[in-house]
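Novice: Kindly produce the complete structure, drawing on both the sequences and the hints.
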Amino acid sequence: MIIVEPKVFGDARGYFMETWRQEEFDAKVRPVKFVQDNESSSGYGVVRGLHFQKGRAAQGKLVRVTQGRVLDIAVDIRRGSPTFGAHVAVELSGENNRQMFIPRGFAHGFAVLSEKAVFQYKCDNYYVPSAEGSVAWDDPDLGIDWTVPQEKILLSAKDKMAPRLKDAAELFDYNVDYYSF
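Heads up, the sequence shown is in numbering that gives the first Met the number 0, so the first residue is 0 and it goes up one at a time.
Source of the hints: derived by calculation from the structure; they are not laboratory data.
Just so you know, nobody snuck in bad clues.
Quick list of the computed label-pair ranges, beta carbon to beta carbon:
{"hint": "1", "residue 1": "81", "residue 2": "168", "range": "18 to 28 Å"}
{"hint": "2", "residue 1": "16", "residue 2": "150", "range": "32 to 42 Å"}
{"hint": "3", "residue 1": "39", "residue 2": "140", "range": "22 to 32 Å"}
The list that follows gives simulated cross-link-like pairs (lysine-lysine, DSBU-like), each with its CA atoms no further than 30 Å apart:
{"hint": "4", "residue 1": "53", "residue 2": "159"}
{"hint": "5", "residue 1": "53", "residue 2": "165"}
{"hint": "6", "residue 1": "115", "residue 2": "6"}
{"hint": "7", "residue 1": "151", "residue 2": "165"}
{"hint": "8", "residue 1": "115", "residue 2": "157"}
{"hint": "9", "residue 1": "27", "residue 2": "53"}
{"hint": "10", "residue 1": "151", "residue 2": "115"}
{"hint": "11", "residue 1": "6", "residue 2": "32"}
{"hint": "12", "residue 1": "115", "residue 2": "159"}
{"hint": "13", "residue 1": "157", "residue 2": "53"}
{"hint": "14", "residue 1": "6", "residue 2": "27"}
{"hint": "15", "residue 1": "32", "residue 2": "53"}
The C-beta atom is built at its ideal place from N, Cα and C for all residues, glycine as well.
Specialist: Below, the structure written as structure tokens:
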């Protein structure tokens, strides 16, 4: 994962920032061609994830929050990786303007920490419903502290049924370059 902190230029009128610039991203992270932008709005306690797309439909994502605050999570699900099962957690907000790039081979999710959050992400591959995969948000082997009290967490029916990482049928192989397809 890569944390991106755009330069913000502010004055009495407000602020300006470039949220995306191809040449800078390619130089700092890796050459990526984004093909789809998505946005979601969620209330406090919503947990979305941990999601990924399998095989040739794998996606890299550049994510950011334009309103509110979330705890953003990425989990390495590449079998054979020295960091398999490890996660990174970072707070993204409309105030800190941070972005996180989640490469192919990682599961992604977030928890809403504010009353409302607007979450935006650029994807480097199209959404393919038949390629959806997920890992249980509360898998004890992952040890993720979502910071939201368990009784306040709101999940989709699909996320409630996600398998633990050790039981997930199809993941990624650390030795395969999922950007070469």
